[in-house]
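Asks: Each protein sequence line maps, in turn, to chains A and B.
Residues 2 to 362 in our numbering are what the first sequence spells out, letter by letter.
Residues 2 to 362 in our numbering are what the second sequence spells out, letter by letter.
Hint data in this document are derived by calculation from the structure and do not stem from the laboratory.
Being a predicted model, the structure only gives us computed values, none of them experimental.
Hints may be right or wrong, so weigh each one.
If chains are identical, the list can't say which one is meant, so a pair holds when it fits in one copy or spans any two.
[As the list claims (entries may be wrong)] Result set (SDA-like, lysine to any residue): computed pairs, CA atoms no more than 20 Å apart in a straight line:
#1 Lys-19 <-> Gln-123
#2 Lys-74 <-> Gln-123
#3 Lys-74 <-> His-129
#4 Lys-201 <-> Asp-308
#5 Lys-329 <-> Glu-318
#6 Lys-74 <-> Glu-127
#7 Lys-49 <-> Asp-174
#8 Lys-49 <-> Glu-147
#9 Lys-49 <-> Asp-263
#10 Lys-49 <-> Glu-143
#11 Lys-74 <-> Arg-117
#12 Lys-74 <-> Pro-333
#13 Lys-49 <-> Arg-146
#14 Lys-329 <-> Gly-103
#15 Lys-49 <-> Tyr-145
#16 Lys-49 <-> Asp-142
#17 Lys-19 <-> Arg-348
#18 Lys-49 <-> Ala-144
There are 2 protein chains.
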Amino acid sequence: MPRRIASGDGKPRPATIKDVARHAGVSVATVSRILSGTYPNAPATRSKVMRAVRELDYVPNAHARGLAGVRPKSVAIVVNSVISPHYAHVAQGVHEEAARAGRLCIVGTTGGDLERELAAIQLMREEHAEAVILVGNINPDEAYRERMAGYARALAAAGSQLVLCGRPPLGPDVPAIVVEYDNTGGAFAATSHLLSAGHKRILFLGRRFGYTTPESRVAGYRAALAAHGVPHDPGLEVDGARMVRREGYRMMRERLDARPRDFTAVFAINDLIAAGAREALRERGLRIPEDVSMVGFDDLPPAADIDLTTVYIPHEELGRTAVRLALKSETPGASEHVLLGTHIVVRDSVCPNVGEASGPD
Amino acid sequence: MPRRIASGDGKPRPATIKDVARHAGVSVATVSRILSGTYPNAPATRSKVMRAVRELDYVPNAHARGLAGVRPKSVAIVVNSVISPHYAHVAQGVHEEAARAGRLCIVGTTGGDLERELAAIQLMREEHAEAVILVGNINPDEAYRERMAGYARALAAAGSQLVLCGRPPLGPDVPAIVVEYDNTGGAFAATSHLLSAGHKRILFLGRRFGYTTPESRVAGYRAALAAHGVPHDPGLEVDGARMVRREGYRMMRERLDARPRDFTAVFAINDLIAAGAREALRERGLRIPEDVSMVGFDDLPPAADIDLTTVYIPHEELGRTAVRLALKSETPGASEHVLLGTHIVVRDSVCPNVGEASGPD
Chain A
2 MPRRIASGDG KPRPATIKDV ARHAGVSVAT VSRILSGTYP NAPATRSKVM
52 RAVRELDYVP NAHARGLAGV RPKSVAIVVN SVISPHYAHV AQGVHEEAAR
102 AGRLCIVGTT GGDLERELAA IQLMREEHAE AVILVGNINP DEAYRERMAG
152 YARALAAAGS QLVLCGRPPL GPDVPAIVVE YDNTGGAFAA TSHLLSAGHK
202 RILFLGRRFG YTTPESRVAG YRAALAAHGV PHDPGLEVDG ARMVRREGYR
252 MMRERLDARP RDFTAVFAIN DLIAAGAREA LRERGLRIPE DVSMVGFDDL
302 PPAADIDLTT VYIPHEELGR TAVRLALKSE TPGASEHVLL GTHIVVRDSV
352 CPNVGEASGP D
Chain B
2 MPRRIASGDG KPRPATIKDV ARHAGVSVAT VSRILSGTYP NAPATRSKVM
52 RAVRELDYVP NAHARGLAGV RPKSVAIVVN SVISPHYAHV AQGVHEEAAR
102 AGRLCIVGTT GGDLERELAA IQLMREEHAE AVILVGNINP DEAYRERMAG
152 YARALAAAGS QLVLCGRPPL GPDVPAIVVE YDNTGGAFAA TSHLLSAGHK
202 RILFLGRRFG YTTPESRVAG YRAALAAHGV PHDPGLEVDG ARMVRREGYR
252 MMRERLDARP RDFTAVFAIN DLIAAGAREA LRERGLRIPE DVSMVGFDDL
302 PPAADIDLTT VYIPHEELGR TAVRLALKSE TPGASEHVLL GTHIVVRDSV
352 CPNVGEASGP D
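Assemble the whole structure, with the sequences as input and the hints as a guide.
Replies: Shown next as structure tokens:
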């Protein structure tokens with residue numbers, strides 16, 4: 002049974018490091034070194050100390066911190082889900098930088114719902130998080146911008162820095178640090194890669210009106226067509242919803258069912274969509290790249306496993322940068338805008354186009 | 002510029018919902034309904050209210066909650082990393098159940114380091130998390146067990162429920178809710194699947210002495226060999242470290258370099274290891290399943306993309322169950338043990354074995 006330490010008024014109080022040292026018959030410094038794992042100590046000393054820790058129910062720092070009402074500093078991150086590899090890698094970067102800075106990490110998920118995002122922001126503010134990092138693409142309407150403007154100022158007033166990560170600034174009413182990566186440039190490069198291999202009819206899988214990431218990638222696709230003098234056919238742009246594997250399967254399957262194949266290459270809006278689309282193509286006996294060339298976006302699993310040419314995004318660096326800039330910023334309402342670069346990763350999913358697409362498969 | 006509301010002593014105070022209602026010329030009930038999104042209201046009313054919200058910097062509930070010192074209730078989860086698909090899916094289950102119960106989620110990552118895990122537990126305790134959920138396999142030595150015993154009691158004394166998720170109980174000294182899944186049964190089934198296809202020389206990739214998950218999967222593998230009367234050859238068990246893709250590549254490549262191939266099938270300890278091993282086999286011109294059969298474990302990406310037969314684990318249900326049992330438990334020091342089932346998912350990575358492995362490839 003653990004021993005209770007009685008304080009002056011006879012009531013039990015939590016054990017301190019001094020109690021442990023006295024109980025084990027060693028110095029406070031020795032206890033401290035053993036618990037931090039930095040003491041190459043004799044097993045007998047370690048045993049004495051560990052037994053004292055257990056018998057007194059000692060938890061380091063709880064007593065002093067509890068009295069002082071000190072709460073651990075924290076960094077908050079708000080993401081769509083924790084499953085999608087992009088968000089997971091950004092979150093990993095946030096965690097690493099936060100741990101390096103001795104901060105706790107609070108994570109909220111939104112399922113892509115704006116109301117849940119706003120609710121999460123309020124909760125983080127009540128937690129007095131030092132930084133609130135919003136990750137991933139979004140479809141901001143006017144009402145959302147108005148409320149965000151209010152929340153951003155409230156966060157700043159509470160000493161909390163707002164960071165937009167992987168999405169563009171929300172305008173002068175919403176003071177925030179913005180850490181983005183080059184979506185449009187990456188999409189331009191990926192499309193140019195296909196155009197250079199002779200593909201003129203390129204299916205774009207995953208257009209989504211009003212959403213910041215799809216909009217910027219479609220813009221790069223269209224800009225590349227224009228730069229190469231290839232006519233833009235809106236009929237080659239397929240609308241999609243969430244950027245997940247089964248959505249890619251659905252879009253490709255429905256396209257193949259709806260009309261004879263009129264494209265020789267596919268630009269999938271991300272690697273998950275590419276993987277789903279690839280499954281639908283394989284069901285029809287179409288091989289990548291021999292029958293259909295494909296590029297994706299992200300350079301995340303399963304890109305390497307399906308030999309996919311894609312666009313690399315510095316996901317973890319996005320997360321680390323978001324935390325670093327937030328903690329470094331001296332005034333919580335600061336505005337700053339950083340753009341990280343992207344580049345193509347060439348694998349084996351693109352073949353030169355040696356003829357026009359013709360007729361049904 | 003936002004307006005400041007002056008309180009009785011002339012100092013500015015945060016706006017309340019009554020201030021917003023007065024400012025917009027509507028009732029408090031109307032403001033409440035508009036902000037919660039449940040009022041199919043006239044655009045003019047909505048505009049008035051949103052403008053008042055913005056001008057007064059109103060943040061719902063902050064004033065009252067701040068005065069009361071009420072902190073949001075939270076659930077804490079401690080994982081190896083947030084990148085590995087298994088942990089990401091368990092964390093997603095935790096988030097969903099926590100959100101359903103109105104709890105915040107605090108996430109700590111450990112990189113597999115026991116010291117970092119113990120430090121994270123203390124931090125969660127100081128945050129007064131209602132539940133502290135430790136996820137994933139571990140290599141508990143005697144010192145770890147002693148310290149965990151102390152922390153488990155300290156958590157219980159602070160009203161915090163300890164949950165071990167995806168790892169076995171730590172003994173009677175460590176009161177905890179334990180939510181596991183059937184590692185050994187799943188490994189037995191996967192190995193039997195290969196044995197039934199005639200494979201007698203099955204390479205096990207990823208043995209790791211002292212780690213709970215690899216130990217239980219190796220146990221299932223060996224039990225299946227024994228049940229089928231196939232001799233156990235320890236030379237067919239390859240040691241590995243972290244269960245990540247490049248480790249699978251390393252193990253397979255080194256094995257193929259070290260000796261002529263003496264196996265016809267591979268049991269990879271998880272799907273990421275399988276994907277890495279597959280890359281090494283392909284580099285040698287070996288196809289799955291025609292030349293080498295393979296099974297994995299997890300049924301997570303990239304299993305479907307590489308047609309991998311594997312073992313399904315109910316990852317998200319693990320996370321949801323952990324939270325549900327923790328919040329339901331009436332005494333924080335409760336002990337409970339739940340085992341969720343696993344099952345084989347048959348795809349296309351196993352072929353019948355029609356001859357003995359012979360000579361180098």
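Asks: Each hint: holds or not?
Replies: Consistency of the hints with the structure:
1. Taking the shortest Cα distances, Lys-19 and Gln-123 sit within 20 Å of each other only across copies (18 Å), while inside one copy they are farther apart (41 Å).
2. Within a single copy, Lys-74 and Gln-123 get their C-alpha atoms as close as 17 Å, and across copies as close as 14 Å, so both meet the 20 Å cut-off.
3. For a Cα distance limit of 20 Å, the shortest separation of Lys-74 from His-129 qualifies both inside one copy, at 8 Å, and across copies, at 14 Å.
4. Proximity of Lys-201 and Asp-308 under a CA criterion of 20 Å is satisfied in neither setting, with 22 Å inside one chain copy and 32 Å between copies.
5. Taking the shortest Cα distances, Lys-329 and Glu-318 sit within 20 Å of each other inside one copy (16 Å), while across copies they are farther apart (39 Å).
6. Taking CA atoms no more than 20 Å apart as the test, Lys-74 paired with Glu-127 passes in both settings, with 13 Å inside one copy and 11 Å between copies.
7. For a Cα distance limit of 20 Å, the shortest separation of Lys-49 from Asp-174 across copies, 18 Å, qualifies, whereas the shortest one inside one copy, 60 Å, does not.
8. In this homomeric assembly, Lys-49 and Glu-147 come within 20 Å of each other (Cα to Cα) only across copies, at 12 Å, whereas the closest approach inside a single copy is 61 Å.
9. With identical chains, the CA atoms of Lys-49 and Asp-263 are never at most 20 Å apart, being 77 Å at best within one copy and 51 Å at best between copies.
10. Within a single copy, Lys-49 and Glu-143 get their C-alpha atoms only as close as 64 Å, which misses the 20 Å cut-off; across copies the closest is 14 Å, which meets it.
11. Only between protomers do Lys-74 and Arg-117 lie at most 20 Å apart by alpha-carbon distance; the minimum there is 17 Å, versus 24 Å within a single protomer.
12. Within a single copy, Lys-74 and Pro-333 get their C-alpha atoms as close as 15 Å, which meets the 20 Å cut-off; across copies the closest is 26 Å, which misses it.
13. Within a single copy, Lys-49 and Arg-146 get their C-alpha atoms only as close as 60 Å, which misses the 20 Å cut-off; across copies the closest is 15 Å, which meets it.
14. In this assembly of identical chains, Lys-329 and Gly-103 lie within 20 Å of each other by CA distance solely inside one copy; the values are 14 Å within and 32 Å between copies.
15. Taking CA atoms no more than 20 Å apart as the test, Lys-49 paired with Tyr-145 passes between copies only; the shortest distance there is 15 Å, against 59 Å inside one copy.
16. Proximity of Lys-49 to Asp-142 under the C-alpha cut-off of 20 Å is restricted to the inter-copy arrangement: shortest distance 17 Å between copies versus 63 Å within a copy.
17. In this assembly of identical chains, the alpha carbons of Lys-19 and Arg-348 never lie at most 20 Å apart, being 61 Å within a copy and 61 Å across copies at closest.
18. Proximity of Lys-49 and Ala-144 under a CA criterion of 20 Å is satisfied inter-copy only: 12 Å between copies versus 63 Å inside one chain copy.
In terms of the numbered hints stated before, the structure departs from hints 4, 9, 17, listed from lowest to highest.
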